[in-house]
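A.B. asks: Each chain, written out:
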Amino acid sequence: MHKFLIRSFVSSLVLLFTLTVAAVAKDVKAAFVYIGPTGDHGWTYQHDVGRKAVEAAGFKTTYVEGVPESADAERVLRQLANSGHDIIFTTSFGYMNPTNKVAKEFPNVKFEHATGYKREHPNVATYAARFYEGRTILGTIAGTMTKSNVIGYVASFPIPEVIRGINSFTLAAQKVNPNIKTKIVWAFTWYDPGKEAEAAKALIDQGADVIAQHTDSTAIVQMAEKAGVYAFGQASDMDKFAPKAVLTSVENNWGPYYVDRVKAVANGTWSQKDTWHGIGDGMVVISGLDSQMPSDLQAKVKKLQADLASGKVHSFTGPIYDQKGNLMVAEGKTADDGMLAGMMTYVKGVEGDIPK
Amino acid sequence: MIIDINFVGLIIASIMASAVPLILASCGELITERSGVLNLGVEGMMIIGAISGFALMTITGSLIIAVFGAMLAGVLISTIFAFLTQTLITNHVATGLALTIFGIGISAMIGKNFVGIPGKEFPVLFEGLKDTIPLLSPILFGHSIVFYFAFALPFITSYFLKKTKIGLIVRAVGDSPESASNQGINVRLVRYACILYGGAMCGLAGAYLSMIYTPQWIENMTGGRGWIALALVVFSTWNPIKILIGALIFGGLTIIQFHMQAIGVRIPVQFLTALPYIVTIIVLVVISRDSRKIRLSTPSSLGKSFHKDN
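Going down the list, the protein sequences come from chains A and B.
Quick note: the numbering used here has the first sequence finishing at residue 356, numbered continuously throughout.
Quick note: the numbering used here has the second sequence finishing at residue 1310, numbered continuously throughout.
These are computed hints drawn from the structure, not numbers from a lab.
In this text the structure is predicted, and so the values were computed from the model without any measurement.
There may be inaccurate statements among the hints.
Here are the simulated lysine to any residue pairs, SDA-like style, with alpha carbons at most 25 Å apart [as the list claims (entries may be wrong)]:
no.: 1; chain 1: A; residue 1: K147; chain 2: A; residue 2: S295
no.: 2; chain 1: A; residue 1: K244; chain 2: B; residue 2: E1121
no.: 3; chain 1: A; residue 1: K226; chain 2: B; residue 2: I1059
The following block holds chain A by itself, in its conformation from the complex (with noise of 0.2 Å):
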């Protein structure tokens, strides 16, 4: 009687965890790892929303926020790929080694990591958006709007990511207006209103007539508008928080590359690949232009846009000369992708030194 107890017991527990494991099958759940707050109003939230796109396409998801980019990362990503996900992104850069070492363990699981180039597991693949296609058109119009011929700049850190920005951007603002000056300012924070809008502040004060930014919080476009100056927005639209004062802002835009991968999972058509999507594939999104851009700046505007989307031009078209004068892309040529993911020096026509 017992032995039969105990048997149908443990069949029973047998067939619940086929049932399980079957159900878990079926839906495939998807898990997020922010590094910072989903409240932050910036990177995180924008992955967030890139979230939601992927529940609202029917499927089940998770998140953890706040996780930082050290052996906790890799406990968050075990506990995760424990229970039951089948798709983990990991979105911040310093979750590049935790992400490889634990997709080795779950060879069944998938991870995508944001902004990193290691894929040492099948089931690792990679992605990033070409925020600097974005930065183009946002020099394209610095360039042309201001009058004082200084424009602004608060970065965050030191990192080909920001500095690609900045060349970008100063390129194109040359192009339009030889005369500007790119003022650059660090602030050392992602994100720290208080000391974003004094940074925006001190530029101002010095003549700066137009503001772009490489942290996250809106605190710059609201000193901006304060103060009567142009700004663009950084992550998400952030007209509503300075409508005078914002000209444009560019958007990072996930959302249909996170449906995209987690389809790709419940069709069983996931395979590792290394994404690096711009404005032609909707991953950068550049807002709706302000009003107060004259049209014939908006008409090229839109058409530089139709041809950054297209590959008709490039971001960086030589011929681009370093500070120092020396040739970096020879005329008619472009970056590669190498040269872009390492890209750690100034363009000619940015003042100061990068910090090391």
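Once you've looked at the hints, dock chain B against the given chain A.
C.D. replies: Just chain B now, kept in the frame of chain A:
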């Protein structure tokens, strides 16, 4: 380079504006500490004030309700601290740290629905006089009421502690709660009041950030200013006027280093960024090195729990 005198005025005005939250929070914490209570929850109370002010402004549309609501929120959260440390006699340091962690967490939770909403414009006073006097106009005119209050507060606090009877009682409680208690002073009541006052000022400091300085809500927006305010109290040797000096130096160097970067001064940026912290500490240590005065103004029972016998 020609230095425009109005340009200097503008810089001084932005320095003063950046010092406001530090002055408010430090002067509040100073009263708490002078009564012998060490509340490390300044950052937590500030962030609670920031979200409460912003949320109330968005919901009610009234700036007055929002500002007072933020102060009340600071009072409420510091009541938890007061109850734990004064009634249940818990450890000040641990409770204060818990308060900060609690404040950051709960503000993020409440704040979820307020991300991405622009703030309202906060009215400024004397805007019409903004262009009347060179140099001084941008400094004196066109600021919010909280700005003027913050710059009066160190003097009010100093007067309160030195010249009023209640100020004397607060100091007595902080220096020797036993003697104060023997004199018939209700030590617990005085400390409760001082903690709650500190909470109100930290709440106001937070509201200044989310409603006036950078009108928006995002998580963790106080960005460690609560810890700087705490440090200012110690390095100023519990002197409100020195708090004012310290806050201005700190705010000043933060802004001047941005200007130096923009001008293109060839000093490593990392050094410039660290400058405010280093110089503020050095200056305050130097102006406060009179050890007799430090002994006089340091609350001797700071951070120690007081058990009443009966």
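A.B. asks: Now look at each hint and say whether the structure bears it out.
C.D. replies: Hints, verified against the model:
1. Between the alpha carbons of K147/A and S295/A the distance comes to roughly 17 Å, so the proposed pair stays at or under 25 Å and holds.
2. In summary, the hint linking K244/A to E1121/B is supported, as the alpha carbons are separated by about 14 Å, within the 25 Å threshold.
3. A C-alpha spacing of about 24 Å is found between K226/A and I1059/B, which places the hinted pair at or below 25 Å, so the restraint holds.
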